[in-house]
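Those protein sequences? They're chains A and B, same order as listed.
With the working numbering, the residue at position 84 of the first sequence is 65, and numbering never jumps.
Here the working numbering runs 883 ahead of the position in the second sequence, where the first position is 1.
These aren't lab readings, by the way, just hints derived from the structure by calculation.
Model, not experiment: these values are computed from the prediction.
Every residue gets a Cβ at the ideal spot worked out from N, C-alpha and C, and that includes glycine.
Heads up, some of the hints might be wrong.
Stated by the list, open to error - Here are some chain B residues pointing at chain A (derived, C-beta under 7 Å):
| hint | residue |
| --- | --- |
| 1 | 912 |
| 2 | 915 |
| 3 | 926 |
| 4 | 972 |
| 5 | 978 |
| 6 | 983 |
| 7 | 985 |
| 8 | 988 |
| 9 | 989 |
| 10 | 990 |
| 11 | 991 |
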Amino acid sequence: EAGVAQSPRYKIIEKRQSVAFWCNPISGHATLYWYQQILGQGPKLLIQFQNNGVVDDSQLPKDRFSAERLKGVDSTLKIQPAKLEDSAVYLCASSFGIVAFFGQGTRLTVV
Amino acid sequence: GENVEQHPSTLSVQEGDSAVIKCTYSDSASNYFPWYKQELGKRPQLIIDIRSNVGEKKDQRIAVTLNKTAKHFSLHITETQPEDSAVYFCAASHQSTGTASKLTFGTGTRLQVTL
Chain A
-18 EAGVAQSPRY KIIEKRQSVA FWCNPISGHA TLYWYQQILG QGPKLLIQFQ
32 NNGVVDDSQL PKDRFSAERL KGVDSTLKIQ PAKLEDSAVY LCASSFGIVA
82 FFGQGTRLTV V
Chain B
884 GENVEQHPST LSVQEGDSAV IKCTYSDSAS NYFPWYKQEL GKRPQLIIDI
934 RSNVGEKKDQ RIAVTLNKTA KHFSLHITET QPEDSAVYFC AASHQSTGTA
984 SKLTFGTGTR LQVTL
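Sequences are here, hints too, so could you generate the full structure?
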């Protein structure tokens, strides 16, 4: 069974550099989420898409983070410029109904 | 917005014992409460969920209870096994018909099952 695919799995960048993450949701899932999981904490929602429209981006730091979901399928999350506190695992999830299925995440380290 | 608190942060039990993890939520409109298990370096995986019209749900060795009045819900694992060792997250959301809603997560409980 195909799950939520994310890439890359790991990324190390210097502060002030830019980085992009990619997510391919489960086929047919209209809702896509990006969560940030800082070490030792629960995932926190950054942005939610319904098809290619934004439903909730209230916790997205819009001065440095951006996300898009062209054609209502794949999505990219970008950070520019990165800060040390952006070090975290970035999880993508998708859902058709209530249940959200998560990808394995991208572990970002900002040095 | 919703706020979910989770206790304890760490829990160590002997194999065969039971484990209980408790969560409280703040938004009385929340009506969906899933539990996710996350093994080290892996994706969170749904293990059980409950909706607000049900007080208890059981699936083999795991069960979840919900007290809407007190805004509490708990995960119960019986006959724990070493493979139950992981971080467990509770979450809450307000689901409307036809619209999926974001999950607000607790801070996680690291469960260790010792031999």
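Checked hints:
1. 912: Check failed: Cβ of residue 912/B comes no nearer than 15 Å to chain A, outside 7 Å.
2. 915: OK, holds: residue 915/B within 7 Å of chain A, min 6 Å.
3. 926: 4 Å, holds
4. 972: 5 Å, holds
5. 978: Holds: closest Cβ of chain A sits about 5 Å from residue 978/B, inside 7 Å.
6. 983: With a closest approach of 4 Å, the residue 983/B hint holds.
7. 985: 5 Å, holds
8. 988: 3 Å, holds
9. 989: Given a least distance of 5 Å, the restraint on residue 989/B holds.
10. 990: 5 Å, holds
11. 991: Holds, about 5 Å.
The structure does not agree with numbered hint 1 stated previously, though it agrees with all others.
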